[in-house]
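Go ahead and model the full structure; you've got the sequences and the hints to work with.
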Amino acid sequence: MIEARQLTKRYGEKTAVDRLDFEVKPGMVTGFLGPNGAGKSTTMRLIIGLDAATSGSVSVNGRRYARHAAPLQEVGALLEARSIHPGRTAFDHLMVLAHTHGIPRRRVDEMIELTGLQSVARKRAGSFSLGMGQRLGIAAALLGDPATVMLDEPVNGLDPEGVLWIRNLLAGLAAEGRTVFVSSHLMAEVALVAEHLIVVGRGRLLADTTVQDLVRQAGGDTVTVATADPARLRAALASPGVEITGRAGSEQLQVSGLSARQIGLAAAEHGIALFELTPKQVSLEEAFMDLTRDAVEYHGAVTSGVAA
Amino acid sequence: MSTAMEARPAGAGAGPVSRPAYKVTGRRVLRSEWAKLWTLRSTWITLALGLAGLLVFGSIAAVRYKSLTTSGGTRPGSGEFVNASAVTLTLFGVRFGQLALGVLGVLVAAGEYSTGMIRSTLAAVPRRLPVLWSKAAVYGVVAFVVGVAGAFGGFLIVNAVVNGTPAHMPLSDGGVARSLLGAGLYLSLVGVIGTALGMLMRSVPGAISVLVATLLLVPGLLSLLPTSWQDNIGPYLPSNAAEALYALQHAPGMLSAGTGALVLLGWTVLALAGGAYRLVRRDA
Ligand SMILES: Nc1ncnc2c1ncn2[C@@H]1O[C@H](COP(=O)(O)OP(=O)(O)OP(=O)(O)O)[C@@H](O)[C@H]1O
Ligand SMILES: [Mg+2]
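Quick mapping for you: the protein sequence lines, in order, are chains Y and W.
Residue numbers for the first sequence follow the working numbering, so the first one is 54 and each next one is one higher.
Residue numbers for the second sequence follow the working numbering, so the first one is 35 and each next one is one higher.
Derived by calculation from the structure, the hints in this document are not laboratory data.
Mixed in with the good hints there might be a few duds.
What the hints assert, rightly or not - Just a few of them, taken from the derived set where beta-carbon distance is under 10 Å, the chain W residues facing chain Y: (1) Lys57; (2) Gly240; (3) Val244; (4) Val246; (5) Ala247; (6) Thr248.
What the hints assert, rightly or not - Over 12 Å on every C-beta distance to chain Y, these chain W residues come out as not near it, computed from the model: (7) Leu74; (8) Phe115; (9) Leu250.
Stated by the list, open to error - Okay, derived cross-link-like pairs now, EDC-like style, lysine to aspartate or glutamate, Cα gap no bigger than 20 Å in a straight line: (10) Lys333/Y <-> Glu296/Y; (11) Lys57/W <-> Asp198/Y; (12) Lys67/Y <-> Asp317/W.
Glycine is no exception: its CB is placed at the ideal position from the N, C-alpha and C atoms.
Structure (structure tokens):
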């Protein structure tokens with residue numbers, strides 16, 4: 054469980070994280086999305102206290118991260134930036150972290166096995182490929198058997214097999230009841246594992262929603278219908294929760310809140326002939342772009358509004 | 035008790051069921067820092083260099099002294115070897131040893147920043163300060179052991195070389211053991227100051243520059259100041275306090291060994307305070 058309240062981080066003039074409010078709940082994978090520079094990595098550093106918030110707060114399982122007796126047992130984090138001494142072997146790196154918490158050597162061996170690092174565990178981390186380094190980072194994140202697992206772009210540098218492995222790992226961790234928080238700027242990748250989504254842009258919260266709702270918001274549930282008498286069709290379809298738009302003089306209407314099937318049935322009931330009945334396909338990627346583009350425009354509007 | 039500890043109450047009520055009870059303690063952070071030190075090749079290399087420096091440079095000085103005094107051309111104890119004794123000859127090695135041990139001290143702290151390891155370290159110990167205290171304690175002890183071993187080992191070699199010259203003196207002579215232990219303490223404190231500077235500057239070259247400047251350049255710069263200033267400030271500089279700490283004979287104007295130790299300790303505490311401030315106050 055992660056709770057951010059008006060979380061803000063400024064680096065000089067630059068506001069990297071801007072009054073974020075969100076909750077990451079246990080038992081599911083929550084995707085953390087946003088374009089480059091949106092503030093995802095910064096937010097994650099704030100969560101584990103590597104950077105101090107300028108204002109606002111963020112807690113993990115009810116307390117600030119640093120207040121926990123066994124921090125690695127609360128949050129296991131894989132950060133974006135390299136966090137390993139290249140001169141130390143993978144085994145020694147994990148052991149050094151394990152010592153701080155009294156984590157037994159057995160657990161270190163288990164993590165090496167889980168991440169498939171057995172053959173290179175005694176090699177210095179500096180000689181690791183990007184993917185191997187990433188696996189070592191994940192082994193370190195899971196070392197403390199954490200209630201919350203937080204991974205910053207975990208699939209970076211992993212081969213297809215590794216990507217699949219991560220996907221299953223995350224789903225498994227969530228199924229065990231853990232809080233799983235994963236950042237990415239690839240919507241499609243996140244949508245495969247995440248149930249919930251937190252979308253940020255320019256440090257601001259853009260959406261705190263489910264994958265389905267996001268698609269719906271982006272207009273994914275609109276159906277285009279064409280008929281000779283749009284006014285009659287409007288009347289036939291009108292009901293609470295249904296939104297119908299259309300240009301005057303056009304035969305086309307955009308209907309949201311009803312499926313193509315429902316519209317077709319209603320039209321038949323009223324004896325209205327339809328020329329077109331097309332559900333709009335919105336890809337997740339489009340939905341994401343829509344959302345983040347809006348944020349950029351919104352930002353611009355605010356600035357010019359202030360200047361005027 | 036252990037069964038009660040194992041069923042950890044899950045914060046949100048939906049956490050994984052039965053989990054072991056881990057906990058960060060001061061001892062464990064010490065254990066971790068100890069392991070960190072010895073799992074890097076650079077530690078072994080630098081400590082070996084430091085030890086070799088202590089042994090070799092003292093021996094070279096002894097050999098030169100011996101050849102000067104036995105060739106008959108020069109009076110014993112002239113030039114650079116005025117009032118030379120086995121102790122003063124041994125202490126030639128300290129000049130080199132302090133560089134190696136000081137640099138390793140810097141690496142212990144600043145090396146974590148240059149590699150990014152600090153992020154893993156502070157994620158594991160987010161209270162941060164125990165990391166600095168543990169680094170200082172672990173490395174201080176290691177540097178002390180190496181320093182003392184080097185000083186006494188160097189003394190034994192030097193004494194063997196200068197056997198039969200006026201410089202020869204038994205270890206049991208008044209002040210000899212104190213002087214050699216003082217040298218070990220000095221090397222240990224230089225190491226800890228290096229660690230503190232490493233934490234303060236977060237940069238290996240930066241911290242090494244400051245350390246070397248403090249030890250080697252500042253005493254030289256002092257000679258540019260008026261004599262009264264030199265007399266008042268001079269003895270309290272780290273390098274001069276160090277000399278007071280390990281000198282066998284105390285020249286007028288020099289601090290006593292005890293005061294020298296305290297002054298040096300003061301500098302160490304100051305450096306540690308600076309390192310601690312930066313560690314706690316600044317984003318990692
Ligand atoms: N230590 C820092 N000092 C100054 N600016 C910073 C610092 N860290 C991040 N920023 C700025 O804050 C903003 C957010 O950066 P952040 O790395 O959190 O974004 P991100 O969402 O992780 O992006 P990406 O998808 O590229 O990883 C960026 O504009 C970045 O330049
Ligand atoms: Mg990032």
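We went through each hint and held it up to the structure:
1. For lysine 57/W, the interface hint holds, since its Cβ comes within 10 Å of a Cβ in chain Y; the closest pair sits about 5 Å apart.
2. A hinted interface residue such as glycine 240/W counts as satisfied when its beta carbon comes closer than 10 Å to some beta carbon of chain Y; here the least separation is about 19 Å, so the hint is violated.
3. With a least beta-carbon distance of about 23 Å to chain Y, the hint placing valine 244/W at the interface is violated under the 10 Å criterion.
4. Because the closest C-beta pair between valine 246/W and chain Y is about 23 Å apart, greater than 10 Å, the hint is violated.
5. Because the smallest distance between the Cβ of alanine 247/W and any Cβ of chain Y comes to about 27 Å, over 10 Å, the interface hint for this residue is violated.
6. Against a cut-off of 10 Å between C-beta atoms, the interface hint on threonine 248/W is violated, since the closest Cβ of chain Y lies about 27 Å away.
7. Remark: the non-interface label on leucine 74/W conflicts with the geometry, its nearest Cβ contact in chain Y lying 5 Å away (cut-off 12 Å).
8. Every Cβ of chain Y is farther than 12 Å from the Cβ of phenylalanine 115/W; the closest lies at roughly 42 Å, confirming the non-interface assignment.
9. The claim that leucine 250/W is not at the interface with chain Y holds, since no C-beta of that chain comes within 12 Å of its own (minimum 28 Å).
10. The suggested pairing of lysine 333/Y with glutamate 296/Y holds, with an alpha-carbon distance near 15 Å, which does not exceed 20 Å.
11. Between the alpha carbons of lysine 57/W and aspartate 198/Y the distance comes to roughly 12 Å, so the proposed pair stays at or under 20 Å and holds.
12. A hinted pair counts as satisfied when its Cα atoms are at most 20 Å apart, and lysine 67/Y with aspartate 317/W qualifies at roughly 15 Å.
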